[in-house]
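Novice: Given next are the chains, with one letter for each unit.
Protein chains: 2
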Amino acid sequence: MLTVEGGSPIVVGDLVTPGAKRTIAFYAHYDGQPVDPAKWKSDPWKPVMRDGEGNDVDWKTAKTIDPEWRLYARAAGDDKAPIIGMLAALDALKANGIKPSVNLRFVFEGEEEAGSPHLAQYLENYPKILRPDAWVLCDGPVHQSRQMELFFGARGTIDLELTVYGPVKGLHDGHYGNWVSNPIVRLTHLLDSMRDVNGRILIEGFYDDVKTTSEAEDAALAKIPNVEADLRREFQIGATEGNGQSLNKRLLLPALNVRGIEAGHVGEKASNTIQPEARASIDFRLVPNETPDSVKPLVERHLEAQGYRVVHETPDAPTRMKHPKIVRRGLSARAHFA
Amino acid sequence: MLTVEGGSPIVVGDLVTPGAKRTIAFYAHYDGQPVDPAKWKSDPWKPVMRDGEGNDVDWKTAKTIDPEWRLYARAAGDDKAPIIGMLAALDALKANGIKPSVNLRFVFEGEEEAGSPHLAQYLENYPKILRPDAWVLCDGPVHQSRQMELFFGARGTIDLELTVYGPVKGLHDGHYGNWVSNPIVRLTHLLDSMRDVNGRILIEGFYDDVKTTSEAEDAALAKIPNVEADLRREFQIGATEGNGQSLNKRLLLPALNVRGIEAGHVGEKASNTIQPEARASIDFRLVPNETPDSVKPLVERHLEAQGYRVVHETPDAPTRMKHPKIVRRGLSARAHFA
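In the order they appear, the protein sequences are chains A and X. Quick note on numbering: the working numbering labels position 205 of the first sequence as 202, and the sequence is numbered without any gaps. Quick note on numbering: the working numbering labels position 68 of the second sequence as 65, and the sequence is numbered without any gaps.
Read the hints as simulated data drawn from the structure, not as lab findings. Among the hints, erroneous ones may be present.
Said to hold, decoys possible - Lysine to aspartate or glutamate pairs mimicking EDC-like chemistry, simulated, CA-CA at most 20 Å apart:
1) X/322 / A/189
2) X/77 / X/121
3) A/246 / A/193
4) X/322 / X/310
5) A/293 / A/158
6) A/266 / X/40
7) X/266 / A/33
8) A/166 / X/225
9) A/266 / X/231
10) A/166 / X/231
11) X/319 / A/225
12) A/166 / X/40
13) A/319 / X/40
14) A/166 / X/227
15) A/266 / X/227
16) A/266 / X/28
17) A/322 / X/231
18) A/322 / X/189
19) X/166 / A/33
Said to hold, decoys possible - Pulled a few chain A residues facing chain X out of the computed Cβ check, cut under 10 Å:
20) 13
21) 166
22) 173
23) 176
24) 181
25) 195
26) 231
27) 234
28) 238
29) 257
30) 269
31) 277
32) 279
33) 323
34) 326
We put the CB at the ideal spot given by N, CA and C, even for glycine.
Go ahead and model the full structure; you've got the sequences and the hints to work with.
Specialist: Spelled out as structure tokens, the structure:
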């Protein structure tokens, strides 16, 4: 059990193979997403087995197990399933008398869903344990084809919160519309300056560190079953980003996802107001060689190049008066294995 | 008392001047905005007089009335104040023995804050009463200089609600970001195609009907006190739209105000999701010669010219699959005197 102050413990288990020189670590996390029981069909804390139609199944007394049955409980899939999978694999190794040629290490984290706030400190405090020869990160979906899959890696995440300012109070647009700047419009233009509708990031230098795939990687990519037509039907989408490039090619590139935008109200609650501010939440997906520290200055420079004064707190009156365009930015790097 | 089915009554009072051939009608509305008592310092339904510092004043026993005192009560300003003003003006006419040379008509509406949903029907049902020789619309703020002001007119309003669609359910952007189209980004691009950051509407033909000001109007505009520096300080804005054009010039042009935008969440509540939809609420301010009927086809054509399939209901699966870009639009004209 590894601990750091204020953090949830990391649980480590070792299976040492005599004479082995390398250690392979298997990562999973034992924490789950916040749960809203009102959105659950049954108590999320009491596991229930259901068949493909969603009907409860008494699996303990069943003669056979239907592979389409699923266990429903809070965090049963993400990320308890891999832990159970590891135990089953160990049982299978033992039952078949197979001895691994490497040391096996099992590392279960407890803060993944919170953005792993103490992981950097764990890595610093426990370098011998947490820097094995290789990691296998067991947190992710099964491939859509249901075939087993080994990932090259996973894109990291950095969050960016943007707030663009208009007048210090909401104003009637009948009286001031067309003269007082609209912060929503400024924000939409700012977002559009950052990426195009095809997913291409327009921030200068963002692709400089992106490395091209190797021949071995290209060959591996070519063997992945094509599930795109099925996905398009499932998601009901008439077109994809990236001018028809394959999903797997697209996942090898950095991405800028606008995950939320908020200002004023829409529909019945909307009022004819020039809003005082508009906010957007972005997450960047980063690829090998890109780090939060390498992209932060690129983002900062981009905002400034659009004529924005970049601030990190709500601007005061003199700041608002002095700068025609102001954006508050928050950037937080999170060690996300997703 | 004028009535139509389902509508709040319109109250009409006439002061007939013998021999007068013309009738001037004074409009005000007796309804108010929805009230949230929790946001009030005192009961909104009990009028309270306060001085310039916000302290309660016992005005009934005061020897003199300070002109900086204000009466606080729900809808006391918008739009009861003009009604009291009219009564005071009538009292003043009578006290000074002044007889108007025209018939006076007072028309008080009860649904202005709800968008005057029955006003068109009232105008149709009561043409003799509601089509006087001239209207004076008494609903608007005092000029910022506190001088008396007579408006040329008021811009009308038409609302536009836009919904842009992504995948039919929220998707993890680590798995699908860069391949499944992001509806927020589509919406920001669509909005940006409709107006620039300077307030210029980019919808083809939108300025075709806009008439230029007459010499008399230009002369009147030139006499309005310039309050722009004061306003910029009050609103704490470092720049205005329209490349430095004056507020009054800008109010003579049509405007496109994005009054609300919503998709996903920002800040702590944000999640790494490709959202299923993104919504924006717009209101257009229209000038003489522009009507809801004249701009509706321009808006529709613009959306289609951006490659969007325009729908009026939530699209079904075949529609979603067939069209790369889908927008649902709602357009509602409201007779707004503001």
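Novice: All hints, please: hold or fail.
Specialist: Results for each hint:
1. A C-alpha spacing of about 17 Å is found between residue 322 of chain X and residue 189 of chain A, which places the hinted pair at or below 20 Å, so the restraint holds.
2. Our distance criterion of 20 Å between C-alpha atoms is broken by residue 77 of chain X and residue 121 of chain X, whose separation comes to about 26 Å.
3. Proposed proximity of residue 246 of chain A and residue 193 of chain A is supported: the alpha carbons are some 18 Å apart, at most 20 Å.
4. Between residue 322 of chain X and residue 310 of chain X the CA atoms are separated by roughly 15 Å; this keeps the pair inside 20 Å, and the hint holds.
5. Between the alpha carbons of residue 293 of chain A and residue 158 of chain A the distance comes to roughly 12 Å, so the proposed pair stays at or under 20 Å and holds.
6. Among the hinted pairs, residue 266 of chain A with residue 40 of chain X is inconsistent with the structure: their alpha-carbon atoms are about 24 Å apart, more than 20 Å.
7. About 14 Å separates the Cα atoms of residue 266 of chain X and residue 33 of chain A, which keeps this hinted pair within 20 Å; it holds.
8. About 16 Å separates the Cα atoms of residue 166 of chain A and residue 225 of chain X, which keeps this hinted pair within 20 Å; it holds.
9. Restraint check: the Cα-Cα separation between residue 266 of chain A and residue 231 of chain X comes to about 26 Å, which exceeds 20 Å; the hinted pair is violated.
10. As the CA atoms of residue 166 of chain A and residue 231 of chain X are separated by approximately 9 Å, the hinted pair is consistent with the 20 Å bound.
11. Taken as a hint, the residue 319 of chain X and residue 225 of chain A pair is honoured in the structure, with Cα atoms around 16 Å apart against an allowance of 20 Å.
12. Taking the CA atoms of residue 166 of chain A and residue 40 of chain X, the gap is near 23 Å; set against the 20 Å cutoff, the hint is violated.
13. Restraint check for residue 319 of chain A and residue 40 of chain X: not satisfied, since their Cα atoms lie roughly 39 Å apart, outside the 20 Å limit.
14. Our distance criterion of 20 Å between C-alpha atoms is met by residue 166 of chain A and residue 227 of chain X, whose separation comes to about 15 Å.
15. Note on residue 266 of chain A and residue 227 of chain X: the hinted pairing is violated, with a Cα-Cα distance of about 31 Å set against a maximum of 20 Å.
16. A threshold of 20 Å between alpha carbons decides the hint, and for residue 266 of chain A with residue 28 of chain X the separation of about 18 Å falls inside it, so the pair holds.
17. Straight-line distance between C-alpha atoms of residue 322 of chain A and residue 231 of chain X comes to about 17 Å, which keeps the hinted pair within the 20 Å bound.
18. As the CA atoms of residue 322 of chain A and residue 189 of chain X are separated by approximately 17 Å, the hinted pair is consistent with the 20 Å bound.
19. Distance hint between residue 166 of chain X and residue 33 of chain A is fulfilled; the C-alpha atoms sit about 18 Å from each other, no more than 20 Å.
20. Because the beta carbon of residue 13 of chain A sits about 34 Å from the nearest beta carbon in chain X, more than 10 Å, this interface hint is broken.
21. The restraint placing residue 166 of chain A at the interface with chain X holds, with a minimum CB-CB distance near 7 Å, inside the 10 Å limit.
22. Annotation: interface hint on residue 173 of chain A holds; nearest CB of chain X at approximately 7 Å, less than 10 Å.
23. The restraint placing residue 176 of chain A at the interface with chain X holds, with a minimum CB-CB distance near 4 Å, inside the 10 Å limit.
24. Proximity of residue 181 of chain A to chain X holds as hinted, the smallest CB-CB distance being about 4 Å (cut-off 10 Å).
25. Because the beta carbon of residue 195 of chain A sits about 9 Å from the nearest beta carbon in chain X, less than 10 Å, this interface hint is met.
26. At about 8 Å, the closest approach between the beta carbon of residue 231 of chain A and any beta carbon in chain X falls short of 10 Å, and the interface hint on this residue holds.
27. With its C-beta approaching chain X no nearer than about 6 Å, residue 234 of chain A sits inside the 10 Å limit, and its interface hint holds.
28. Against a cut-off of 10 Å between C-beta atoms, the interface hint on residue 238 of chain A holds, since the closest Cβ of chain X lies about 5 Å away.
29. For residue 257 of chain A, the interface hint holds, the least distance from its beta-carbon to any beta-carbon of chain X being 3 Å, beneath 10 Å.
30. Interface restraint check: residue 269 of chain A against chain X, minimum CB-CB distance 5 Å, threshold 10 Å, status holds.
31. Taken as an interface hint, residue 277 of chain A checks out: its beta carbon lies about 6 Å from the nearest beta carbon of chain X, inside 10 Å.
32. Hint status for residue 279 of chain A relative to chain X: holds, with the closest Cβ pair at about 9 Å, below 10 Å.
33. Checking residue 323 of chain A against chain X: minimum C-beta separation of about 8 Å stays under 10 Å; hint holds.
34. The beta carbon of residue 326 of chain A comes no nearer than 13 Å to any beta carbon in chain X, farther than 10 Å, and the hint placing it at the interface is violated.
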